[in-house]
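Whenever a hint applies, use it, and build me the whole structure from the sequences.
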Amino acid sequence: MKTIYIVLPAYNEEQAVGPVLRSLQREGYENLVVVDDGSTDKTAEIAAESGADVYRHAINRGLGGALGTGIRAALEKGADIIVTFDSDGQHNPKDIKRLIQPLQKGTADVVIGSRLVNPRGMPFIRRIGNRGLNIITYALFGVWTTDSQSGLRAFSRHAAEKIAIKTNRMEVSSEIIKEIGRNHLRLKEVPIRPIYTDYSLKHGQKHANGFKIVGKLVLERLRK
Amino acid sequence: MNILQIMIALFALFAISRSYLRFKNGNATLGEFIVWTAVWLVMAVIVFIPGLTKWPALLFGIQRGIDVVVYLSIVILFYSEYRIYSKIEKVEQDITKLTREIAFKKK
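Protein chains in written order, with the numbering used here: chain A, 1 to 224; chain B, 225 to 331.
Don't take every hint at face value.
[Claimed, not checked] Computed list of lysine to any residue pairs in SDA-like fashion (alpha-carbon distance at most 20 Å, straight line):
| no. | chain 1 | residue 1 | chain 2 | residue 2 |
| --- | --- | --- | --- | --- |
| 1 | B | K330 | A | D41 |
| 2 | B | K248 | B | T261 |
| 3 | B | K331 | A | S50 |
| 4 | B | K330 | B | D318 |
[Claimed, not checked] Here are a few chain A residues that sit away from chain B, every Cβ distance over 12 Å (derived from the structure):
| no. | residue |
| --- | --- |
| 5 | M1 |
| 6 | R22 |
| 7 | Q25 |
| 8 | T40 |
| 9 | S50 |
| 10 | D95 |
| 11 | K97 |
| 12 | Q101 |
| 13 | I125 |
| 14 | R131 |
| 15 | R153 |
| 16 | E179 |
None of these hints come from the bench; they were simulated from the model.
Backbone N, C-alpha and C fix where the C-beta goes; we use that ideal spot for every residue, glycine too.
Okay, structure coming up:
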């Protein structure tokens, strides 16, 4: 029976983190790791009250930094499967079962929940931005994904151990793709339906930063 | 002697003296002091004898000496900026490593 850990990076999500954690617990997921990335509100306290294992960053490092901490924590606790899950309510806990299926069956090392297999409801501008980014990601790293920026991912223990997360901020999504290519990990994608509310739209990735992401990716490619 | 020459000469003197003070206080290595002094001396010399730039210009096949100075300066500036950027990236990664260790120690 594989141990599943859910890692939730959180920055100033005191409003959403409680309900998100409870919705995960309702689906039967008890191993919840919340990484409080230097929040200035009550995110950490509320997460702890809701039964999550909370790790606190004294300084805000960004999504990449938080994921690195969360994944290391999950590995140390003996996780067999690690799921990254957004704490702003954009992800649906019911999608996790389908997401980890290829890992349970052993047919993949990493699974990404793709929002673009079923693009209903996603703002048009974001879709175009994602498409461009995915093409560039393939050109740079040789891994094709329809939604490299999705925050809903699952890793086998083996994959999580191999992946070295060095970038700090939101470009970590693309760095993970690069690591998948570098380590020749098997990637599968599973369609998911994100929950777009005013709240989650405000907290999601801003498409304007796509150019900055590309810039950093190219630099990263050059540095290796 | 024009105003620009005087200004740059004074500034070069100021920069070199600052660099020397840092070296004396142990805030800069001898190598750094020598390099900075050389840079400012070269700048001061060029300002006083602009005709000197005609030699590099001939070497590179460019019309005006000042153009060579500008081109070289741009290349050097770009390279410096790249190096600074790389160092900052490394510092950010180090900060994250420390923040992570603290997070684990707090448990």
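Structure-based check of all given hints:
1. With a CA separation close to 18 Å, the supplied pair K330 (chain B) and D41 (chain A) stays within the 20 Å bound.
2. For the hint linking K248 (chain B) to T261 (chain B), the alpha-carbon distance of about 14 Å falls within 20 Å, and the restraint holds.
3. For the given pair, K331 (chain B) sits about 17 Å from S50 (chain A) by alpha-carbon distance, which is consistent with the 20 Å threshold.
4. With a C-alpha separation of about 18 Å, the suggested pair K330 (chain B) and D318 (chain B) falls inside the 20 Å cut-off, and the hint holds.
5. Non-interface call for M1 (chain A) relative to chain B: holds, since the shortest CB-CB distance, roughly 26 Å, exceeds 12 Å.
6. Residue placement check: R22 (chain A) keeps its beta carbon more than 12 Å from all beta carbons of chain B (closest about 23 Å).
7. Every C-beta of chain B lies more than 12 Å from that of Q25 (chain A), the closest at about 21 Å, which supports listing it as non-interface.
8. With a minimum CB-CB distance of about 15 Å to chain B, T40 (chain A) clears the 12 Å threshold, and the non-interface call stands.
9. Distance check for S50 (chain A) against chain B: the nearest CB is about 18 Å away, which clears 12 Å, and the non-interface claim stands.
10. In this structure D95 (chain A) is separated from chain B by more than 12 Å, as the shortest Cβ-Cβ distance comes to about 28 Å.
11. Consistency note on K97 (chain A): stated as away from chain B, and its beta-carbon is indeed over 12 Å from all of that chain's, at 30 Å minimum.
12. Annotated as non-interface, Q101 (chain A) keeps its C-beta farther than 12 Å from every C-beta of chain B; the closest such distance is 31 Å.
13. A cut-off of 12 Å between C-beta atoms confirms that I125 (chain A) is not in contact with chain B; the least separation is 29 Å.
14. The Cβ of R131 (chain A) lies farther than 12 Å from every Cβ of chain B, with a closest approach of about 28 Å, so its non-interface assignment holds.
15. With a minimum CB-CB distance of about 20 Å to chain B, R153 (chain A) clears the 12 Å threshold, and the non-interface call stands.
16. The Cβ of E179 (chain A) lies farther than 12 Å from every Cβ of chain B, with a closest approach of about 15 Å, so its non-interface assignment holds.
In summary, the structure agrees with every hint in the numbered list given earlier.
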